[in-house]
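Peer 1: Got chain G; can you put chain F on it based on the hints?
Just so you know, the protein sequences line up as chains G and F, in that order.
Every letter in the first sequence is one number past the one before it in the working numbering, and letter 2, counting from 1, is 2.
Every letter in the second sequence is one number past the one before it in the working numbering, and letter 101, counting from 1, is 101.
Simulated from the structure, these hints should not be mistaken for lab results.
Since we're looking at a predicted model, the values are computed, not measured.
Just to be clear, a hint being listed does not mean it is correct.
Taking lysine-lysine and the DSSO-like style, the derived pairs with C-alpha atoms no more than 30 Å apart in a straight line are [stated by the list, open to error]:
{"#": "1", "chain 1": "G", "residue 1": "Lys116", "chain 2": "F", "residue 2": "Lys357"}
{"#": "2", "chain 1": "G", "residue 1": "Lys84", "chain 2": "G", "residue 2": "Lys58"}
{"#": "3", "chain 1": "F", "residue 1": "Lys357", "chain 2": "G", "residue 2": "Lys90"}
{"#": "4", "chain 1": "F", "residue 1": "Lys265", "chain 2": "F", "residue 2": "Lys207"}
{"#": "5", "chain 1": "F", "residue 1": "Lys259", "chain 2": "G", "residue 2": "Lys132"}
{"#": "6", "chain 1": "G", "residue 1": "Lys116", "chain 2": "F", "residue 2": "Lys311"}
{"#": "7", "chain 1": "F", "residue 1": "Lys161", "chain 2": "F", "residue 2": "Lys52"}
{"#": "8", "chain 1": "G", "residue 1": "Lys116", "chain 2": "F", "residue 2": "Lys288"}
{"#": "9", "chain 1": "F", "residue 1": "Lys259", "chain 2": "G", "residue 2": "Lys58"}
{"#": "10", "chain 1": "G", "residue 1": "Lys84", "chain 2": "G", "residue 2": "Lys12"}
{"#": "11", "chain 1": "G", "residue 1": "Lys41", "chain 2": "G", "residue 2": "Lys132"}
{"#": "12", "chain 1": "F", "residue 1": "Lys290", "chain 2": "G", "residue 2": "Lys116"}
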Amino acid sequence: MKESKMYSKVSKLFEDDCYVFYNYIIPDNSRREIDLICLEKCVCPEIIAVEVKVKDWKGALRQSFKRLFYVDRCYMAILANYVKNINLNKVSRYGIGLIAVDGYAEIVIEARKSDKILSWRREMLLNDLITKINRGRDILQSSTNRWEASESFEELL
Amino acid sequence: MRSYYDGIVLEAHIVEQYTNFAVSVVSTINKPFFIDPTVKLVLLNLNTVVKKEWFLRLVEAYNLSEYLQNETVMIDELRKSLDEFVKSVIEYQRSRIAQSSGGLELFGISRTSSQPEIILQPYFVIDDIDSEIYELNLEILDKALAVKGNDKLYAVMAVDKHLLSPHKCSKLISDFAKADGFCVWVVDFRENDEDERSLKRYIEFFKELSEIKKPIVNMYGGAFSIFLGKLGLLNRVVQGLGYGEHRNPYVTATGSYPKRYYIPKIYRMVPISDAQELIREVPELECKCKFCKEMNILNTSESNIKTDYLKMHYIMSRWNEKQMTIDDVLRNLNEIIEVLDERDLFDIYWEFLHHLKIWYNVLQDFVSFH
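Isolated chain G (complex conformation):
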């Protein structure tokens, strides 16, 4: 299974409660890209990041660790076959969550709330995501009303 094929399976875990964006480029000069970023649909939303890899769990761990400075929680998603290779102690120690992907995606370890977050970075992401959502809403209101029916906000953008 290719990495990109895993996105939609992982997305299903979050899309009921969150707006989900694929391949989100962080709006600073870092050139970093988050595979999936989710913004909760509530008054005080949390931002959740997911880094997806087929089997390179160490790469996923490195990326996920760095996301903890931007978002409230971060998961790494790995193909289920390769989960046995992962040093779970290390993943837990950093507070990173783990998702195993096979026919469907399943949370193996829940992500803890990040204690590394830089509040200005989080705010930057939050503002950018809200802007994207509002822009998408404007586009929708001026064309069709597919908004309510959409499974994933990302599709509409």
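Peer 2: Okay, now just chain F, sitting in the frame of chain G:
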């Protein structure tokens, strides 16, 4: 800031492109300087630079046009008139700054004549010790020594990394030993990324060169070279502000100044985002210099960080490194390695941290054996 550096190096193409600026800087800072005459011409094939504004001016100053064919310097042709070429390049270094007013006279400012501290032989990158280019560099050195007069004439060893092997470096050093001093450029040698073996060869090269007892300038070096200075292996280290701790003439750099932050405790430049994360995780890495306090690096987005502050912090950090003893360096390295190990950060930020253990081992070994 003037007390935080010893002098400056002006590259000839910069002098030609920004003559007034270069002259004004030299006049104002009142520090030793010298000109690197051929840094942009070292490959003989000049197709990447022929369209530059400064190129024609340098070609004229060095009488190079006769030896150029299809944007390449023809070695045979150059050899026929080598005397003239060498004299032109040396005369350029002596007089280019001294004879220009730098536009200051317009403002009623007269400037005293500025002479470079040293003169460099014209040079080209040496790919091997049995190559035509190697012989050409030696011929140039002989001719430069013949016309140096009272000036201090430094040989330039711009060499590929493989020439640091014991046999080759001994020949290189003995062949260039006749100069008054040495400028060394090991092409694309990245102190932060080299393995232990490569760094040991680097040290051995400088050790052997230092035994000649003449001044040595490392043209592109970082903190590791500063540490070699503490071991008595070299006298000066040159670096571009923020991005010039190594140089590869085969790659044409483009784009704007890359904003990076120098973390003094790990002795290297790091992209701003990674620097913020490392400092957030390891508060011991925080620098308390006046520029860092002003920048508030941890809580400021990259676009709001002033480039000049990054550069001034870098200069100040390098100066502080120069004041340390080798015992301080080893102790600091050991302490920060322990802290980073404790926080389990070597795996995550490996690309920015892996040099620390290598440096510690290599320096500790050298100190123990000598």
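Peer 1: Against each hint, give a clear statement of whether it holds in the structure.
Peer 2: We went through each hint and held it up to the structure:
A C-alpha spacing of about 26 Å is found between Lys116/G and Lys357/F, which places the hinted pair at or below 30 Å, so the restraint holds. Taking the CA atoms of Lys84/G and Lys58/G, the gap is about 13 Å. The hint holds against a cut of 30 Å. Proposed proximity of Lys357/F and Lys90/G is supported: the alpha carbons are some 22 Å apart, at most 30 Å. A distance of roughly 26 Å separates the Cα atoms of Lys265/F and Lys207/F; the hinted pair therefore holds under the 30 Å criterion.
A threshold of 30 Å between alpha carbons decides the hint, and for Lys259/F with Lys132/G the separation of about 28 Å falls inside it, so the pair holds. Taking the CA atoms of Lys116/G and Lys311/F, the gap is near 28 Å; set against the 30 Å cutoff, the hint holds. Note on Lys161/F and Lys52/F: the hinted pairing holds, with a Cα-Cα distance of about 29 Å set against a maximum of 30 Å. The suggested pairing of Lys116/G with Lys288/F holds, with an alpha-carbon distance near 21 Å, which does not exceed 30 Å.
Distance hint between Lys259/F and Lys58/G is fulfilled; the C-alpha atoms sit about 28 Å from each other, no more than 30 Å. Proximity of Lys84/G to Lys12/G is assessed by CA-CA distance (about 23 Å); at most 30 Å being required, the pair is judged to hold. For the hint linking Lys41/G to Lys132/G, the alpha-carbon distance of about 14 Å falls within 30 Å, and the restraint holds. Proximity of Lys290/F to Lys116/G is assessed by CA-CA distance (about 26 Å); at most 30 Å being required, the pair is judged to hold.
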